[in-house]
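K.L.:
Please take these sequences and the hints and turn them into a complete structure.
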Amino acid sequence: MAVALSTLVEEADRYLGSAKIADYCPNGLQVEGRPQVMRIVSGVTASQALLDAAVEAEADLVLVHHGYFWKGENPCITGMKQRRLKTLLKHDISLLAYHLPLDLHPDVGNNVQLARQLDITVEGPLDPDNLKIVGLVGSLKDPMTARDFARKVQEVMGREPLLIEGNPMIRRVGWCTGGGQGYIDQAVAAGVDLYLSGEASEQTFHSARENDISFIAAGHHATERYGVQALGDYLAKRFALEHIFIDCPNPI
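This note's numbering puts the first residue of the sequence shown at 224, with every later residue one more than the last.
There may be inaccurate statements among the hints.
[To be verified] Quick list of in silico lysine to any residue cross-link-like pairs, SDA-like style, CA-CA up to 20 Å:
#1 K364 / N390
#2 K313 / A280
#3 K294 / L252
#4 K294 / G251
#5 K364 / K375
#6 K355 / D435
#7 K243 / V232
#8 K375 / K355
#9 K313 / E255
#10 K309 / A280
#11 K309 / T268
#12 K460 / T230
#13 K309 / D275
#14 K355 / P329
#15 K309 / V345
#16 K294 / T344
#17 K355 / A245
#18 K304 / G251
#19 K313 / K355
#20 K364 / D408
#21 K313 / K294
To be clear, the hints were calculated from the coordinates, so they are not data collected in a lab.
Bear in mind that the values here come from a model prediction, so they are computed numbers and not experimental data.
P.N.:
Now the structure itself:
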């Protein structure tokens with residue numbers, strides 16, 4: 224079956240509530256392709272590798288977490304940006320991108336989906352007084368050591384995470400997928416035993432050590448693979464479409 228592109232975009236916008244969320248990029252339809260959609264290809268980032276794979280898969284629409292047109296970037300359509308857009312336009316493929324709306328969503332959001340992968344029970348926001356901070360806090364069913372939890376993360380992510388050991392036993396966890404390492408101070412204030420994010424900065428080490436909590440950097444790309452898959456599955460089921468997730472590995 225096929226659905227009108229406009230209908231699919233309208234449903235995705237509604238489902239994620241994207242119009243209500245201030246962001247660093249435009250959320251929703253970023254590049255318009257053919258008016259009917261039968262096959263969705265999803266991925267974390269609209270890289271050239273993903274676009275080439277989408278062309279090979281004969282996709283009508285590419286759905287991503289990291290799209291284009293970020294605030295502060297050079298607006299000129301040259302170099303890498305020109306090649307990416309040329310690929311989409313040449314093959315009449317639409318690009319649909321959701322950044323913060325996909326981090327925040329209570330069902331298909333990156334943070335909720337990661338919790339399900341790691342068997343963490345969500346308890347609430349990382350900072351209840353500042354809902355612009357998209358991280359969450361939760362608990363493990365059974366306490367485990369920081370090393371055992373890191374091994375679990377490695378099994379799920381398929382890559383070895385960076386572990387900074389602090390509190391040896393882990394029960395309460397704070398997390399924010401992607402580049403959320405700067406929220407470690409909020410995690411400390413929330414009283415968690417371990418904070419997990421995608422990336423780490425130099426100062427993250429000191430914050431973890433001096434506040435006696437454990438920290439895991441599990442990969443920006445790796446921690447954000449699950450939300451876009453869940454959204455793609457939702458849209459495919461909603462409109463009886465085909466959905467293919469394509470993982471273009473990224474060690475960062």
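K.L.:
Now tell me if each hint is right for this structure.
P.N.:
Structure-based check of all given hints:
1. K364 / N390: With Cα atoms ~17 Å apart, K364 and N390 stay inside 20 Å; holds.
2. K313 / A280: With a Cα-Cα distance of about 15 Å, the restraint between K313 and A280 holds, given a limit of 20 Å.
3. K294 / L252: holds (16 Å)
4. K294 / G251: With Cα atoms ~15 Å apart, K294 and G251 stay inside 20 Å; holds.
5. K364 / K375: OK: K364 and K375 at ~14 Å, within 20 Å.
6. K355 / D435: Violated, at about 26 Å.
7. K243 / V232: The given pair, whose Cα atoms are some 16 Å apart, holds under the 20 Å limit.
8. K375 / K355: violated (29 Å)
9. K313 / E255: The hint holds at about 11 Å.
10. K309 / A280: holds (17 Å)
11. K309 / T268: At roughly 16 Å apart (the allowed maximum being 20 Å), T268 and K309 satisfy the hint.
12. K460 / T230: holds (14 Å)
13. K309 / D275: Since the Cα atoms of K309 and D275 sit roughly 11 Å apart, the hinted pair holds (cutoff 20 Å).
14. K355 / P329: holds (14 Å)
15. K309 / V345: With a Cα-Cα distance of about 42 Å, the restraint between K309 and V345 is violated, given a limit of 20 Å.
16. K294 / T344: Since the Cα atoms of K294 and T344 sit roughly 34 Å apart, the hinted pair is violated (cutoff 20 Å).
17. K355 / A245: holds (9 Å)
18. K304 / G251: holds (18 Å)
19. K313 / K355: Outside the cut-off at roughly 38 Å; violated.
20. K364 / D408: The given pair, whose Cα atoms are some 24 Å apart, is violated under the 20 Å limit.
21. K313 / K294: violated (26 Å)
The structure shown violates the earlier hints numbered 6, 8, 15, 16, 19, 20, 21.
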